[in-house]
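S.K.: From first to last, the protein sequence lines stand for chains D, E, V and P. Just so you know, the first sequence maps onto residues 1 to 232 in my numbering. Just so you know, the second sequence maps onto residues 1001 to 1736 in my numbering. Just so you know, the third sequence maps onto residues 2001 to 2079 in my numbering. Just so you know, the fourth sequence maps onto residues 3001 to 3079 in my numbering.
No wet-lab data here; the hints were simulated from the structure. Warning: the hint list may mix true and false statements.
Partner residues aside, some chain P positions facing chain D, computed with beta carbon under 10 Å [what the hints assert, rightly or not]:
| hint | residue |
| --- | --- |
| 1 | PRO3016 |
| 2 | GLN3017 |
| 3 | GLY3018 |
| 4 | LYS3019 |
| 5 | ILE3021 |
| 6 | GLY3023 |
| 7 | ALA3024 |
| 8 | SER3027 |
| 9 | LEU3028 |
| 10 | GLY3034 |
| 11 | ASN3035 |
Keep in mind it's a predicted model, so treat the numbers as computed, not measured. For glycine and all other residues, C-beta sits at the position ideal for the given N, C-alpha and C.
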Amino acid sequence: MKSAVIVFPGSNREGDVARALAQAGSKVEKVWHAETELPSGTDLVVLPGGFSYGDYLRCGAIAGRATVMDAVRAHAARGGLVLGICNGFQILCESGLLPGILMRNANLKFICHRQFLRVERTDTAFTRAYDKGQAIDVCVAHGEGNYTADAETLNRLEGEGLVAFRYSDERGQVTTNANRNGSMNSIAGIYSETLNVLGMMPHPENLIEDLIGGTDGRGLFDSLVSSVARAA
Amino acid sequence: MIRNDVAITPELVKEHGLKPDEYERFVALIGRTPSITELGIVSAMWNEHCSYKSSRLHLRGLPTKAPWVIQGPGENAGVIDIGDGLACIFKMESHNHPSFIEPYQGATTGVGGILRDVFTMGARPIAALNFLRFGEPDHPKTPHLVSGVVAGIGGYGNSFGVPTVGGSVGFHPRYNGNILVNAMAVGLARTDEIFYAAATGVGNPIVYLGSKTGRDGIHGATMASAEFDDASEEKRPTVQVGDPFAEKLLLEACLELMQSGAVIAIQDMGAAGLTCSAVEMGAKGDLGVELDLDKVPCREEGMSAYEMMLSESQERMLMVLKPGMEKEAEAIFVKWGLDFAIIGRTTDTLRFVVKHHGEVMADLPIKELGDEAPLYDRPHIANTYQAVIRPESVEAPVSDADALLRLVGSPDQCSKRWVWEQYDHLILGNTVQTPGGDAAIVRVEDGPKGLAMTTDVTPRYCEADPVEGGKQAVAEAWRNITAVGGLPLAITDNLNFGNPERPEVMGQFVGCLKGIAEACRALDFPVVSGNVSLYNETNGQGILPTPAIGGVGVLENVSVHASVALRREEDVLVLIGETTGWLGQSIYLRDVCGREEGAPPPVDLAAERRNGDFVRQLIRSGQVDTVHDCSDGGIALAVAEMAMAGGIGAMITAAPDNMPLHAFLFGEDQSRYILAMDRDQAADILYEASALGIPAVTLGLTGGHSLILPGGQAISVKDLKAAHESWLPDYMAGKA
Amino acid sequence: MKARVTVTLKNGVLDPQGKAIEGALKSLGVEGIGNVRQGKVFDIELETQDQDQAEAALKAACEKLLANTVIENYRVEIA
Amino acid sequence: MKARVTVTLKNGVLDPQGKAIEGALKSLGVEGIGNVRQGKVFDIELETQDQDQAEAALKAACEKLLANTVIENYRVEIA
Ligand SMILES: Nc1ncnc2c1ncn2[C@@H]1O[C@H](COP(=O)(O)OP(=O)(O)O)[C@@H](O)[C@H]1O
Ligand SMILES: [Mg+2]
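Just need the whole structure built from these sequences, with the hints factored in.
M.R.: And the structure:
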């Protein structure tokens, strides 16, 4: 498996996600935002966390229009896998690859804490290593993760089962308390219609080791590697 | 636009913060009347912030050497060897005055400045910490300052991409008019790839890098050394705005350029911007410097030489490049979208020459600007020491349990979660111990090594007895690192004091330094970098003497460490260190009895070292994994914190017969640790301790859902946690 | 030539920031403030003197970047 | 009554956002854009019908919260 991690000016979790991918057994190549093509043989494109372009204007807005995004769009259109984490999710929304937008957190503050997520479905390339309804312990670190979409979009996401993760308590219960950024329907991550693009605010890449808080994030990367292996 | 030929009047000299005799000294040095640009340059070089004129003499007494010290004070940051070819580079710096005027931007630019100090030396920042002091909670400005400063620290560090892993927050009326915002950065480099500020070689290009120069913070450095008065709010436009995005690009570009081998010397533009950086590079390398300001990238039109030399625009660097490597260097900066301009060269004249529009605006002897700066041995008087308060003379609380509940929920002792949740403390995936423990632990690359780090000082101790307070600050930092299993290696300090022209304040400064030096020597914990912030005083009211200590230690195997959280039921709690029930200057005396009095607890440095070495050995050998040091609030607060962190109750069974119970529970005797371990282990450890002459007693047992005090009073861990976690968020929401 | 672009949230789009400001003003004791909505302005210097060219450039800037037209409206005024 | 408050950075104060946007517009091929500076607008509904009261409330809102007068200017227009 080969992953391309796109680096924008201001990306800062590219190393974290590269480490998680490598640990799961993927080859990883970092790709500069000004490139027009992805490395040949790319299975997965990752848009990492960070503050691309300082998060100035709107989070992900400037990166969403970077040169390399045309290549990412083409990759997605071919059915290639795309994962956007945190700032990457914001970029996916701004570039039109995913619907909706991430607004400022309800308390208007950046928040960094451990957070449980309920895994909504396990039949995708991203989540097959998890159990349905499992509560996984990951971390969040963002100022603008408040997922917002119009009623029609929200209905479609729910109706078609495109919600990937919701903020929950440790038992997988979706509660108001667990939804600290104010996201609609407690949405923490969504898929594209074809389930090959995933955007999520939390950071599974920071929970891959027992020593550093736990290993609940590994499932996502293991899922990707095994999915690609299966497809090959 | 300021012309270079304005007449230099006594008023103008005064406005530049130079005393008449300092100005005379300068005129004598150059043998003529200076131009306005020259006056600006010397005012920047000779103010307190850059010249350390009041403190230099006393700083010489600090121990700065050890076999593992690669670079002590004097460079952008200190450097220590942590083995395996790796160096840890760190420093702490204040941004107190700017943060009071504009808390968000003041704090961001403070963080930006200290990160730059660290990566200037070739290190990639791996962690940030901060030390904050605000006025009393009821002061109308306090909530606004807390919210702005915290958002600013987070705003910069989060975007830059460094985990903010630790720090300290406290409140006291003596900070009402002068808050403290001290930021610390820790970086990592290979020992053979460290970069310094001294220029070498004549005729080498001097290059300007980073963001453009604007009229930001002109006089900022002078402001940092001027006492506040009520008119100071009008100095506002000198506030700079931070751009963490530009800094992140600057980091990547600088590290890439350093790898290319093109860099001879590098210096960040901090206080007094281009002036300080250029003069230091030349003076340290025994070279002259010639600058052509026509080449400086400017953000605004019509900037004069004076303005360019004094601008404190952020995210800028100065480098001396290897000749012939200009093109390669420029390509790297263009790729990262940053400015790059050759603005001068090194010379063999030992003069600092500044040209603008073909005219010489300044021509000064470069070494004398630094070496001949005024040096003061300001009068200082020793403090009047406060009497030792005997434990028996301090009233008992109505209820020990209520007193404890009150302390865990007090402004100074409550959880600072509201603060550190605004900081990304997990980025980079190496944070082994997150905020909330004794010291933060960050894994070094992929391990197995780790670094432990902390910031500490107890200002009320320093106020009551500067020497003991200085010792205690260092000892507490050493203890916090030890408590997680780290071997303390070196410190950075941030010496925050009032007006040094007052002999009492100078007395505090001298006393604290004496204590710091003594403790550093006794604990083999040298000072490798630091910062002095004086004139923290408004309308004659100075801050508490606050020499913040930033300590760093190493863990050879980071997976073997200890933390404060109780892990198991039925563990035995063991107390290491001697307890006399010292209540003078304790939190109990202040926050329960309403008295801020007495001599602070003394630190026996030999015992400190012996107890700490013993505890560290227990952690390293894997015998103990649960440790907390005893500090503010004594045994009771320490056990409460262990219970809250682990969600497991505990029973304190030891009850002394030689002191009142409240003195035992809340006394702040130094050099103590509380350990939790299983029964068999405990017997061995108590035996080992007694063989070594180390005081050790069984304190109690873990288990249940409550903390039970001697005599049977119980508080549920849930209630403790509710009190501990609620004060700060409620206060910030206007509810407390 | 100079222009000002104003970007505001579409009606019906939730504005957490506006809401928070509203609340903060109330608790600061500022009386008589009802609903608050926050938007952005961009003051732009144009390198052309031609009105049509300027308008075209500004429209392009808004559509391509300055506004997220899914949730935002924009307005251009040339000084 | 409705009002619009516009908050802009004082001259000479660094505007990292404006700078980044300027760069982005250039790289998106939008021609003729010079300097960009970003500010904020607040659209505010007032609960009073009295012009003087409204002005006083808005001024208080700006000074206390909406503008950081250390680095920003503000302008109030009542519709
Ligand atoms: N400003 C801050 N930023 C980050 N962490 C903080 C801050 N203030 C306090 N903390 C964390 O809260 C914990 C308790 O702080 P403190 O009571 O000062 O500890 P100690 O008494 O062990 O020095 C520490 O882990 C500290 O790092
Ligand atoms: Mg401690």
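S.K.: Go through the hint on GLY3034 of chain P and say holds or violated, using the shortest Cβ distance to chain D against 10 Å.
M.R.: With a closest approach of 17 Å, the GLY3034 of chain P hint is violated.
S.K.: Holds or violated: is there a CB of chain D closer than 10 Å to the CB of SER3027 of chain P?
M.R.: Hint holds; SER3027 of chain P Cβ to chain D Cβ min 8 Å, cut 10 Å.
S.K.: Let's test the interface hint: is any C-beta of chain D closer than 10 Å to that of GLN3017 of chain P?
M.R.: Hint holds; GLN3017 of chain P Cβ to chain D Cβ min 4 Å, cut 10 Å.
S.K.: Would the hint on LYS3019 of chain P stand, with a C-beta cut-off of 10 Å toward chain D?
M.R.: Because about 8 Å separates LYS3019 of chain P from the closest Cβ in chain D, which is inside the 10 Å limit, the hint holds.
S.K.: Taking the closest Cβ pair, is PRO3016 of chain P under 10 Å from chain D?
M.R.: OK, holds: PRO3016 of chain P within 10 Å of chain D, min 6 Å.
S.K.: Does the nearest C-beta of chain D fall within a distance shorter than 10 Å of the C-beta of LEU3028 of chain P?
M.R.: holds (6 Å)
S.K.: ALA3024 of chain P was flagged as interface toward chain D. Is the shortest Cβ-Cβ separation under 10 Å?
M.R.: holds (4 Å)
S.K.: Hint GLY3018 of chain P vs chain D: min CB-CB distance below 10 Å?
M.R.: OK, holds: GLY3018 of chain P within 10 Å of chain D, min 8 Å.
S.K.: When the nearest CB of chain D is found for ILE3021 of chain P, is that gap smaller than 10 Å?
M.R.: Where the cut-off is 10 Å and the nearest Cβ of chain D is about 5 Å from ILE3021 of chain P, the hint holds.
S.K.: Regarding the hint that GLY3023 of chain P lies at the interface with chain D, is the smallest CB-CB distance below 10 Å?
M.R.: Nearest chain D Cβ about 8 Å off; hint holds.
S.K.: Given ASN3035 of chain P as an interface hint, is its Cβ closer than 10 Å to any Cβ of chain D?
M.R.: violated (15 Å)
In summary, the structure is inconsistent with hints 10, 11 from the numbered list given earlier, while agreeing with the others.
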